[in-house]
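Starting from the structure of chain D, add chain U where the hints point.
Residue numbers (my numbering), protein chains in the order written: chain D, 1 to 245; chain U, 1001 to 1245.
Misleading hints may appear alongside valid ones.
Label-pair distances were calculated between CB atoms; the ranges are [said to hold, decoys possible]: (1) U/T1163 to D/E88: 32 to 40 angstroms; (2) U/R1018 to D/E88: 39 to 47 angstroms; (3) D/V141 to U/G1038: 46 to 54 angstroms; (4) U/G1038 to D/A181: 58 to 66 angstroms; (5) D/D167 to U/K1110: 40 to 48 angstroms; (6) D/T97 to U/D1027: 52 to 60 angstroms; (7) U/G1037 to D/G86: 40 to 48 angstroms; (8) U/P1069 to D/N94: 21 to 29 angstroms.
Note that these hints are calculated values from the structure, not bench results. Each residue gets a CB set at the ideal place from its N, CA and C atoms; glycine is no exception.
2 protein chains.
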Amino acid sequence: MRIARISTPTGPQHAVDRAGTWAHIVDPFEEPLCYTGGSTPHGDAELLPPVAPAVVLGIGHNLTLNEHPLPLQAWHKSAHTVAAPGEEIVAARNRGTVNAEGELAVVIGKTAAGLTAENALEHVLGYTCVNDVTNVDQGAVDERNFQGKSGVNYTPLGPWIETSLPDPEQAGIEVRVNGVARAQSGTFNLPSTVVDCLVYVTSWLTLEPGDVVMTGAPGTAVPVAPGDRVDIVVEGIGTLSSTVS
Amino acid sequence: MRIARISTPTGPQHAVDRAGTWAHIVDPFEEPLCYTGGSTPHGDAELLPPVAPAVVLGIGHNLTLNEHPLPLQAWHKSAHTVAAPGEEIVAARNRGTVNAEGELAVVIGKTAAGLTAENALEHVLGYTCVNDVTNVDQGAVDERNFQGKSGVNYTPLGPWIETSLPDPEQAGIEVRVNGVARAQSGTFNLPSTVVDCLVYVTSWLTLEPGDVVMTGAPGTAVPVAPGDRVDIVVEGIGTLSSTVS
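Excised from the complex, chain D in its bound form (with noise of 0.2 angstroms):
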């Protein structure tokens, strides 16, 4: 099931993709979902970020496979950073590089604390696309993935979220600058996998629902340029487009 939250003229909606449209829905994350009877068109629907999160984490040491990982390392990156799908990426000037990173992200759907790999994905309302843009030359001096983790839009999140992932443990995701693939890799090529950095975060931190974890970027780190068009495409889920400028 895909779960969007989308613009409307009395503010951001919640829906549901059925029979061709968005369905709208009280709250995602109450059990059943409650329905309103109102809906949106596809074509007219605008796309939000599909949750607005509290806290937005990143795993640091979980790049690209390797036998002996250093350990899990987790780190806040600002919510004011989350950006729609079709958002202007706003590349930072003057402070080296800019990378656009192709992420899975989990979206928390109950109130994780202590998780065990048992009941980690119990906790999890669903995935989506993540771009977890980065100033990566600021990390020399940037212990902390603050200076180069804050730019205007340097998260693109969606474009929906789909709560019916067959393993998230298997995602391809596939990073496209201007339509050309330029790096392709998935969740398999995680080092740490996404239940190892649920049950490491929630063993020191309270997640609530809507809070986001980014899972690493397994080799899909890719430089962009002001002017190009990058698309995050995280198999089972769907693209999620941005521009730089």
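Frame of chain D, contents of chain U only:
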């Protein structure tokens, strides 16, 4: 002027300390303030954190006065950790020493990007006390300040916002444990000034009204243990008290 946020049967309510009572206001960020006509007597007011920030930033490398400080380095703390005056800090167990860290917190009043030394303070609504509770031993394996900063109620904030602090660069800070002063210092001992912090942060990240910048602990980190009562006293603002469980 003091601005608090208090609990009422209809939800959180901002209010101004006026004529011995908390006079309710519509929005602490608008000018001039609009009074609703309602009020709550001091004795009946349950204080909440004075804002509900989307972004809470700490400032690394701003600890004790020295001539050659490392460059400023900000980091995000989870908004979920923000706690009200009087709430219990839940000390994470078996994870090393828990420090209380008494700091001056800046509450942003207007959207702030690329601030200068000249205009930085014009974007500030006011100041409050913050306790940046930390599992300090995690620092050795937690370069991004996630593990040591994520416990339940690890960011007591309050008791209210003081909008007219005479000089934020000269505010005394005292940390008391069980009524005994354990650290006495002030923002005058920070190697980088409060204004420096705002200029640095907004050179990278656009801040929004209600965001909070914790300006650093100038020798005001004190170990605490379950059962302790800890007070953060900032001169010109007031006392932020918490218990440790």
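The hints, checked one at a time:
Distance hint for U/T1163 and D/E88: a CB-CB separation of about 36 angstroms, consistent with the stated range 32 to 40 angstroms. Hint check: U/R1018 to D/E88, Cβ distance near 45 angstroms, so the stated range 39 to 47 angstroms holds. About 50 angstroms separates the C-beta atoms of D/V141 and U/G1038, a value consistent with the hinted range of 46 to 54 angstroms. Distance hint check for U/G1038 and D/A181: the Cβ-Cβ separation is about 60 angstroms, which falls inside the suggested range of 58 to 66 angstroms.
For D/D167 and U/K1110, the Cβ-Cβ distance of about 47 angstroms falls inside the hinted range of 40 to 48 angstroms, so the restraint holds. Taking the beta carbon of each, D/T97 and U/D1027 are about 41 angstroms apart, not inside 52 to 60 angstroms as hinted. Between U/G1037 and D/G86 the C-beta distance comes to about 44 angstroms, which sits within the given range of 40 to 48 angstroms. Hint check: U/P1069 to D/N94, Cβ distance near 24 angstroms, so the stated range 21 to 29 angstroms holds.
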